[in-house]
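Residue numbers (our numbering), protein chains in the order written: chain E, 259 to 465; chain F, 14 to 132.
I should point out that these hints are in silico values taken from the structure, not numbers from a laboratory. Glycine residues also receive a C-beta, built at the ideal position from the N, C-alpha and C atoms. A hint or two may mislead.
[As the list claims (entries may be wrong)] Chain E stretches covered by chain F per the calculated footprint, using a threshold of three residues with CB under 8 Å from any CB of chain F: (1) 288 to 300; (2) 332 to 340; (3) 427 to 438.
[To be verified] Label pairs and their computed distance ranges (CB to CB): (4) F/S89 to E/V284: 29 to 39 Å; (5) F/N48 to E/A277: 27 to 37 Å; (6) F/S67 to E/N410: 34 to 44 Å; (7) E/R401 to F/R84: 28 to 38 Å; (8) F/Y16 to E/V284: 14 to 24 Å; (9) F/L79 to E/K276: 18 to 28 Å; (10) E/R387 to F/R84: 56 to 66 Å; (11) F/L79 to E/T396: 21 to 31 Å; (12) F/R84 to E/S406: 47 to 57 Å; (13) F/S89 to E/G356: 44 to 54 Å; (14) F/V83 to E/R387: 25 to 35 Å; (15) F/L79 to E/D444: 22 to 32 Å; (16) E/R440 to F/S67: 50 to 60 Å; (17) F/N108 to E/I319: 31 to 41 Å.
Okay, here's what each chain looks like letter by letter:
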Amino acid sequence: MRRVVFFFLFASFFLVEKAYHISSFVRPVFVSLTSPLKSVRVLVFERFFMVRGHTSPGDVILGGKEIGNVFFVTGGTLERFYILGKAERGALVFDPDGKRFLGIVVESGDLSTVKTIFSDDIFLYVKLRGDTQEVVATLRGGRVPKVSVVENIDVTGWKVFLEDSTWNKALEEYLYVGDIVRKVIDHYLVDVKRDLPKRVMVVRRSP
Amino acid sequence: MIYVFGFLSLWWDEVFQDVFSFFPLFLAVCFSRENFWFGALILVLRFLSVGPSSFFYVVILLIYLLLFQVREFLSSYFLAALIVSLASSVLLLPNLTSIILSMMAACLFLFSEGRKRST
Chain E
259 MRRVVFFFLF ASFFLVEKAY HISSFVRPVF VSLTSPLKSV RVLVFERFFM
309 VRGHTSPGDV ILGGKEIGNV FFVTGGTLER FYILGKAERG ALVFDPDGKR
359 FLGIVVESGD LSTVKTIFSD DIFLYVKLRG DTQEVVATLR GGRVPKVSVV
409 ENIDVTGWKV FLEDSTWNKA LEEYLYVGDI VRKVIDHYLV DVKRDLPKRV
459 MVVRRSP
Chain F
14 MIYVFGFLSL WWDEVFQDVF SFFPLFLAVC FSRENFWFGA LILVLRFLSV
64 GPSSFFYVVI LLIYLLLFQV REFLSSYFLA ALIVSLASSV LLLPNLTSII
114 LSMMAACLFL FSEGRKRST
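Could you put the whole structure together from the sequences, leaning on the hints where they help?
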């Protein structure tokens, strides 16, 4: 009986956590406690890559100025993945080879966490480009990301790009998110590649 | 041993969950030793501290309790503990490699426990 009571208490606690994010108070303490082990992991990974002949990931240079760094991806799920090294919180993450937007750094540490476009709680401003026209829209993340357009036009088949006031011009081709496949009621579904590259380019929000 | 696994399922899992997790093994050990309350404590701590506080913790707890209630109808504790371990691996771990590694660890530990009990 006590176990059943515990289950219901835990379920209520779960709902409280979802509403008030209690874990955001506990988690920073825990992250700092596990930091030594993360440092060991980073060191081992670097040595491993060195032995296998991989060069250091390196920096992202634009116009002679460093705007970000390249990081190795260690693994993760569809909704979030981990990169090796300290990336700035809020920085934008791109696939340097596939030239596409991957997500946003949400946790900074020896092993930083990136929230992808497939995460339910991601919300972004995007630019939709057709053959001749361009409109600004909002993108809601999820297993299938959705785009909402205010204008009354059909945007099926258009390309979706991240709208970022700083990098709109300089990193134009890297801001690509995916293609709009079809309309469902009042929003459009976006086809986004799901594979994860071995290394990613992390660019700071302010240069 | 159960306390070591409890500690590792928090401390180790925070860093190496994408490679190998101690949590499924810990749950299996808790189940086989009928130490529910320590398992519950680690579950709550893990829910608050490791990774995203996900809905899966509620599901795992439900599976654990259901299996605990029907344990006498199953052929052995080993089977029930293994199901708990498998469910937690599949629901929590991000890739197939970590699921297989964690399940192998749970199987090995439960086998050795079973042997000790039978001798």
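**Study point:** Satisfaction of the hinted span 14 to 24 Å by the C-beta atoms belonging to F/Y16 and E/V284
**Key:** 20 Å, holds
Point to revise | Outcome for the supplied range 44 to 54 Å, where the beta carbon pair is F/S89 and E/G356 | key: At roughly 50 Å between Cβ atoms, E/G356 and F/S89 fall inside 44 to 54 Å, so the hint holds.
Review point. Taking a Cβ-Cβ distance under 8 Å as contact, does the segment 332 to 340 of chain E have three or more residues in contact with chain F?
Key: holds (count 7)
Practice item. Given that the segment 288 to 300 of chain E was listed as covered by chain F, double-check it with a C-beta distance under 8 Å for 3 or more residues. Key: holds (count 7)
Exercise for review: Starting from the hint 27 to 37 Å, judge whether the C-beta atoms of F/N48 and E/A277 obey it.
Suggested key: Given range 27 to 37 Å: holds, Cβ gap about 31 Å.
Practice item. With respect to the beta-carbon atoms only, verify the hint that E/R401 and F/R84 lie 28 to 38 Å apart. Key: 36 Å, holds
**Study point:** Outcome, coverage hint (the segment 427 to 438 of chain E, chain F; C-beta under 8 Å; three residues)
**Key:** violated (count 0)
Check your understanding: Using the C-beta atoms of F/S89 and E/V284, is the stated range 29 to 39 Å upheld?
Key -> 37 Å, holds
Check your understanding: Does the Cβ pair F/R84, E/S406 satisfy 47 to 57 Å?
Key -> 50 Å, holds
**Study point:** Status of the given 25 to 35 Å range, CB of E/R387 versus CB of F/V83
**Key:** 57 Å, violated
Practice item. Using the Cβ atoms, figure out if F/L79 sits within 22 to 32 Å of E/D444. Key: 41 Å, violated
Practice item. Given the range 21 to 31 Å, decide if the beta-carbon distance of F/L79 to E/T396 lies inside it. Key: Given about 42 Å between the Cβ atoms, the range is violated.
Figure legend: structure checked against the earlier numbered hints; hints not met, in rising order: 3, 11, 14, 15 and 16.
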